[in-house]
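A.B. asks: Okay, here's what each chain looks like letter by letter:
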Amino acid sequence: MTTTARRARARAIVFVVVAALLFLMPAYRQVFGLRSRFVRDWELFNEVGVGLVVAEFAVRGADGREAAIDRYAALGRPDRAAAPRWVRSMQGEAGLVRVAGELCKRLGPVDLRARASIATMAGWVPLHAGEHDLCQPLPPRPPVAGARPRGHEDR
Amino acid sequence: MKTGDAQPLRAIDRLVAWAAAEGSTVPMALIRIGLALLLWARWGADMVFVHATGAPALALSAGFFAATGLMLVGLWTRAATATAALVVATMYFALGAAGGRTEWIHHHHFLLMSATVLCALTPCGRSLSVDRRRALRRAQRCRTPAPAERGPLLGLRLMTAQLSAVYLWSAIDKCEPGFLGGARLEQIAGFYYFGSDLPLGTALTIASATAAVTVVALEFGLAIGVWRPRWHRRLLPLGVAFHAGLYVLLPVATFSATMVLLYLAAIEPAAVHRVVARLAPGADE
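Going down the list, the protein sequences come from chains R and S. The first sequence maps to residues 1 to 155 in the UniProt record's numbering. The second sequence maps to residues 1 to 285 in the UniProt record's numbering.
The shape of chain R in the complex, shown without the other chains:
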């Protein structure tokens, strides 16, 4: 075998080995679910937004009718951009309950209802459909599955 042929074969072997490494390495995390900081996956923005709660609040009157309320105005922070992050972006049911608690304090004795969904890896999951007065203690219930990051980010 000539030097040129030997060199060509060596380059081909290097290509196959390194390319295989580049293609197979992410499987360690993405297929087998194993974690290592030394191995790169390509799960980009994978858990961003998980746990985010999207909600609309309303006050229910004695006649059962609901009047929507603007949580920023009700909390005395009409400028959304200047509102604290926990008001703008409620995280988990705890975040919703925190905002509801502040609203109850501000609005006095009201029947506060919310229509809310929480972000999970599988999609949006309904959290509240106006069935509870959020100014009253909520009955205990299991946490929504998948509403917390899975811990795939390297920390």
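Hint data in this document are derived by calculation from the structure and do not stem from the laboratory. Cβ coordinates follow ideal geometry from the N, Cα and C atoms, glycine included. Heads up, none of these hints are tricks.
Cβ pair distances, simulated, as ranges: (1) Trp-86/R - Val-130/S: 49 to 57 Å; (2) Arg-141/R - Thr-214/S: 31 to 39 Å; (3) Val-31/R - Arg-143/S: 57 to 65 Å; (4) Ala-62/S - Pro-84/R: 42 to 50 Å; (5) Thr-3/R - Arg-143/S: 22 to 30 Å; (6) Gly-201/S - Ala-81/R: 18 to 26 Å; (7) Pro-177/S - Ala-81/R: 32 to 40 Å; (8) Asp-70/R - Trp-227/S: 47 to 55 Å; (9) Pro-84/R - Gly-99/S: 31 to 39 Å; (10) Glu-268/S - Trp-86/R: 50 to 58 Å.
Some chain S residues near chain R, calculated using beta-carbon distances under 8 Å: (11) Ala-20; (12) Gly-181; (13) Gln-187.
Got chain R sorted already, so can you dock chain S onto it with the hints?
C.D. replies: Chain S only, in chain R's frame:
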């Protein structure tokens, strides 16, 4: 029977010929220059001497700036690029992964590190470099022909493999109902832009689901298409637009720019050479 035996041999021979092929070194040079700038953009601020705690960190900083600076201008290019690769790999694996500095081991850091290591496998100093200028002067002095701007394409092939792997695994990761239904894109938009005021509804769901399916199709298309020169004319501009959109909309840091830079590895080297020669006729003199 004979045909059956000969077929795999031919495929191996074709692979060997393809992996060992030689071509213009202009794309490697462009990637080298782009990588040096991206390394500064991503790590430069962290590597300034004032942040160095102790002699090893100071040596790493000095190595980083010396190697990337030489890489940029193309002086002692092979050694400079190899040193830059070693420094960046040390930063990623030793300080980031093993040392717990996790802000250095994000996806865009890995891509930069990997691209730098692969760039070190190329003769990226044979074009658009001080080394090239010195070689031309030497040839002039000795009255020998100017050295050809040619070299092994192995490094470029491997960069293409890296590109393809990123698209492939990124697309696979998105093949779940939460993403394809549009919800995950809505959640990302909520996290970065709308917070808890995200206007959920049919129109947004349709738009998000359409965008999600398009992104996955494009990523699978790019994973295959980077290997297929015939697809480049239509597919790569779409890829550039996709990465430009990501760069503007999300905090992707150097990821988009590195991916687009690596497109130069996928494109036929002679075509890149022709474009550079047309745009900057005196660039190799």
